[in-house]
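Start from the sequences, fold in the hints, and give me the full structure.
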Amino acid sequence: MRELLSYLKPYRGKIALATILMAVSAVCDLLLPTLMSQVLDKGVYGAAEADTFGYIVKTAGVMLGVSLISLASVAGGYWVVYHVVSGYTWSLRSALFKKVHAMTLEEVGRIGTSNLVTRSSHDVTTLNEIVSMLCGSILIIPLMFLGGFILCLQKDVFLALVILGAVPLVIGVVLLMSKKIEHLWDVADEYCDKQNDLVRERLRGIRVIRAFDQEQKAHETITKATRTMADNLIRANVSMEIIDPMAAFVLNVAALLIVYLGGVRMERGNGLTAGDIFAIIQYISIILGAIISVSYDLVRLPHVRVAARRLCQVTESTGLEDSRLADGAVFSGSIDLDHVSYTYPGSSLPALVDVNLHIRAGEWVSVIGGTGSGKTTLAELLLAFRRPTEGKLAFDGVDSADLSARDIRSNISCATQKSMLYAGTVAFNLRMGKPDATDEELWAALELAQIADFFREQPEGLSFLLNPAATNISGGQKQRLAIARALLKEAPIYLFDDSFSALDFLTEARVRKALNEKLAGRTRLVITQRVVSAMHSDRIFVLSDGALVGCGTHQELLESCSIYREIYLSQTGDKHCCQAGSSQIPESAFSEVR
Amino acid sequence: MKEKKEKTRLLDETGRRLLQEMKPLRGWIFLSAFLCLLLIGCAIAIPELLGSLVDRLYEWSRTKTFDLSQSLLPGLLLLFLVYVLRAAFTYGNAFMLQNIISRYFCAGLRIKLSEKLCRLPVSFMDKTPAGDVIDRMMDDVSDMAGSIHSIVEILLKGFLQMVVIACILVATDWRMAIPVILLSPLSVFLSARIASSGEKYWDKHFELGGDLTSLAEEAYTNFATTKAFRREEELQKKYDDLSREQQKSGIIAYFLSSIVQPAIALVNAMAYIAVAVLGGWLIIHRGVPIGTVVTVILFARQFSAPLESIAFGLGYIQHIKASARRVFSLLDLPEEQDPAGYLEKEVQGSIRMSHVDFSYDPEKPLIRDLCMDVKPGRKVAIVGPTGAGKTTIVNLLMRFYDIQSGQILIDGQDVSEISRAENRRLFGMVLQDTWLFKGTVAENVAYGSPGASREDIERACACAYCDSFIRRLPQGYDTMISEDSTAVSAGQKQLLTIARALLANRPLLILDEATSNVDTRTELLIQKAMDHLMGGRTCFVIAHRLSTIVDADLILVLRDGQIAEQGTHQSLLEQKGFYYELFQSQYAI
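From first to last, the protein sequence lines stand for chains V and S. Residues in the first sequence are numbered from 1 upward in steps of one, following this note's numbering. Residues in the second sequence are numbered from 1 upward in steps of one, following this note's numbering.
It is worth saying that the hints were derived from the structure and are not from the lab. Do not rely on the hints blindly, as some may be mistaken.
With a straight-line cut-off of 25 Å between C-alpha atoms, the simulated DSS-like cross-links for lysine-lysine are [unchecked claim]:
| no. | chain 1 | residue 1 | chain 2 | residue 2 |
| --- | --- | --- | --- | --- |
| 1 | S | Lys227 | V | Lys98 |
| 2 | S | Lys238 | S | Lys200 |
| 3 | S | Lys116 | V | Lys217 |
In structure tokens:
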């Protein structure tokens with residue numbers, strides 16, 4: 001929590017200024033009834049008849065001045081407050097963003113992308129609202145309370161005690177209620193979410209629902225959920241509605257008490273005037289107004305705790321990212337895994353078990369395996385997003401534990417299955433691979449990835465704008481763009497992690513051919529589920545349940561590795577070729593691709 | 001200007017319909033109005049009573065002739081009673097309004113929308129993102145509920161209170177009433193003016209906020225890629241710049257909103273001062289009792305109190321109407337027409353499509369003059385590259401979409417004569433997109449076979465190779481699963497949908513083969529389970545791997561939405577056309 005507050009430090013001066021301005025305005029607001037009571041007391045009953053009206057006009061002038069000062073200072077106060085708040089929000093956001101990028105993949109995975117987004121948008125906004133409330137409206141209440149109390153104290157100590165008792169009582173009750181309300185809201189929100197999920201489920205499953213003629217049942221389920229949700233919303237809303245009448249009631253009773261006690265004390269004659277009592281009643285109504293206007297904000301206060309706690313989860317995350325400094329090492333491209341195992345934190349079974357895998361510089365190898373075989377874990381180990389829990393991963397014989405993650409990543413160019421692209425132009429996305437690439441180079445890379453024609457047909461060409469998550473191009477196009485981006489980056493090692501999965505067989509064959517020409521002499525590692533993607537490489541490694549179960553060429557594996565044969569069979573249904581050791585594939589097709 | 005325009009448009013088509021929607025709640029709204037009247041009564045009584053009490057105080061300090069504390073007591077008690085009543089009425093009204101709004105109005109509309117969904121064609125769901133429908137059902141309906149609040153709080157309570165108090169002010173002392181009544185429109189004008197000048201900053205603030213969120217979302221989703229290409233700094237700068245831009249508009253927007261209240265307070269203070277001056281003068285020169293001045297001062301506060309919420313409410317009504325329009329437009333969508341016919345006899349399973357034309361978009365004809373004849377018990381495979389329109393055939397057979405011309409005949413009977421439900425009851429369906437609802441495994445398998453016993457369910461599961469993994473689940477057949485449940489893998493979900501179809505035991509079958517994200521062994525199981533399912537039924541198989549359909553009785557080869565070729569595996573290979581090319585490519589090329 002302290003960390004979150006530390007971002008407010010640079011604004012100490014401004015916060016003090018805002019407080020002063022707010023205080024001035026609060027005092028001004030309270031001065032009005034005081035002056036008014038003077039008009040009534042002295043102006044009408046006290047001073048000499050002759051200049052009574054003069055006195056009234058003079059006091060009225062002062063009142064107008066006080067009102068103007070109040071407006072000016074409150075406006076100034078808010079102006080300063082919002083500068084503080086926006087500066088705070090900005091630095092908090094920026095720090096969060098930075099922090100996330102300093103996290104490990106593990107931590108990002110644990111908190112979850114959508115949660116991280118919620119934290120840097122929704123939670124920051126909540127905190128922002130609270131900070132502006134703290135500096136703005138909520139600050140006014142204690143100031144008003146204090147001011148009212150002091151003014152009252154000057155008139156009558158005894159009556160001041162009534163205010164001293166009533167106001168904290170009201171604030172306390174509001175805070176207490178807000179806790180209960182918060183819980184009710186949580187429950188209500190939960191039912192809203194349930195309703196949301198039900199509708200979403202129904203819309204998603206429309207075909208199955210109609211195929212099984214279950215529309216009526218789906219409608220009934222939703223009807224029931226709607227009623228439950230309504231009940232819970234009513235409960236939360238109604239308990240919220242009790243705050244205003246209750247606060248008003250308590251303070252009004254306090255006002256009655258003041259009239260009565262004031263009357264009693266006036267009778268005893270201790271200098272208390274009717275105007276004073278009238279003024280005190282008005283102080284209470286001003287304080288009441290202030291409390292009611294922020295009661296909804298007060299109710300939200302507990303939300304802050306939740307938001308702050310979630311933000312702290314991010315700011316307090318550790319992250320192993322780069323303790324080692326990058327020194328610009330350039331690899332030649334050999335990769336060695338010696339008895340590498342990896343176990344996910346909290347998991348009892350390892351995702352990779354005792355993997356020995358040696359790749360020579362310039363070799364073209366594939367790793368094949370089904371879902372859950374450990375392929376992705378292997379890719380993440382290579383990119384230093386994870387470090388082996390056992391064994392050694394070495395580049396050029398140097399233990400990766402002695403290398404900085406940044407250096408490792410500089411030496412590996414990769415394209416992944418989900419082909420992460422950024423909203424922006426095609427050129428922007430491609431230049432991530434090579435910031436100073438010329439347009440010609442970009443086109444050449446697109447050409448190799450078999451996607452140049454598509455962008456040539458677009459009037460915008462390289463300036464073609466991709467939507468967020470690149471929703472305006474197809475999955476296959478995304479993968480080819482990611483491949484083009486990987487090709488642009490100069491590196492000794494190229495890693496393709498399931499990056500052909502959305503391409504049809506014909507296109508994939510063309511891309512593969514282009515890659516092998518362009519990347520000849522570089523280390524190429526293709527991680528895939530598809531036999532066609534792997535079968536032509538120099539060597540194929542077969543992963544199953546985290547263990548390496550086979551290694552060799554396509555032909556060797558067909559003969560020696562039952563799992564490889566099973567995969568091959570299930571994907572091609574070619575029952576003859578594995579027995580004969582050859583297939584019906586025309587020879588020309590082979591030579592063309594390689 | 002703007003205010004005026006809004007007012008004249010208040011009762012347009014949407015506004016009238018909104019009122020129509022509230023008609024059943026008339027009684028409750030009248031009751032609420034009555035409570036509001038009582039509240040206004042309290043609002044009037046309070047300054048009067050308080051004024052008379054203060055009057056007593058002044059009178060005593062002038063004359064000192066009576067027992068002040070005793071003479072105050074009856075008034076105090078009365079006032080206390082009024083305060084109690086007011087608190088009770090306020091809470092009672094709120095309680096009632098919340099109940100009407102949530103229980104009857106919102107829930108009623110939501111149920112109406114849900115009912116509507118039953119009668120909308122599948123094409124609507126395909127075109128409309130789920131989030132859009134959910135927004136209408138949840139947020140928009142909530143916004144519409146604001147209309148009841150507005151009517152009661154603003155029109156009934158606010159305006160009524162202002163009118164009544166204005167009358168009383170004039171009756172109490174018309175001279176002092178003038179500044180109070182004249183200055184209040186000024187504060188309405190001021191607040192509306194400030195609010196409207198802040199609008200564009202709010203718009204910009206929210207727009208940039210949205211951009212900022214999508215940027216964060218993108219950055220976090222692409223976490224690994226960003227790091228692999230070492231673009232962290234670049235993104236950070238982009239994010240920081242955008243964030244700064246957003247804060248700039250935010251400062252102004254927040255500032256303008258926050259000074260609305262102080263500005264109104266200033267106008268109120270001016271009224272207050274005017275009353276003080278005028279009141280002082282009247283006391284001295286016209287002998288007006290001081291209690292009158294006090295009453296006017298207190299009434300002045302009550303008079304201006306609803307102003308702010310009225311100004312806000314009038315603006316809010318536009319927002320409500322925008323929401324109402326969206327909800328009504330969904331309720332007004334054309335519904336699917338369904339013939340009421342039944343099948344004449346037990347279905348054997350022959351299907352004929354003759355000269356069928358269909359397209360989703362009239363500008364892009366998709367299926368033209370499609371003819372096929374499937375005898376009972378035959379297996380039809382539909383193949384082709386992604387996006388060729390394979391699922392369109394499913395859509396037409398299941399009557400999720402209607403053909404535009406031609407005929408589909410089941411056992412010689414034109415399906416357009418029979419009801420959709422009757423038509424669909426003939427088909428079992430296993431789609432690639434496995435849909436399971438939130439419920440137990442057993443409930444999911446029995447979906448569509450409501451009378452199935454536990455034994456039936458287990459038998460179907462055993463047949464679909466799910467029994468063994470279901471038994472390994474924490475609660476076996478009673479384990480809760482859902483769409484995004486991780487308790488079962490993608491392949492296992494597929495097996496469950498096969499069990500579901502097996503249990504439903506329909507004479508015709510549609511299968512969409514799953515491929516991706518399924519490990520080899522599960523895939524073999526799925527193949528075997530599907531073979532069980534197909535036994536003896538007329539079936540349509542959408543194939544992604546050609547190896548599984550070489551034995552089909554008829555293969556339809558789709559390309560760009562057209563049937564490019566049709567025939568058996570052998571005959572198509574001999575043609576050396578597109579099918580041949582597809583078949584070869586899965587081996588090497």
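Each hint, compared with the structure:
1. For the given pair, Lys227/S sits about 12 Å from Lys98/V by alpha-carbon distance, which is consistent with the 25 Å threshold.
2. Of the pairs offered as hints, the one joining Lys238/S and Lys200/S holds, with about 23 Å between alpha carbons and a cut-off of 25 Å not exceeded.
3. With a C-alpha separation of about 14 Å, the suggested pair Lys116/S and Lys217/V falls inside the 25 Å cut-off, and the hint holds.
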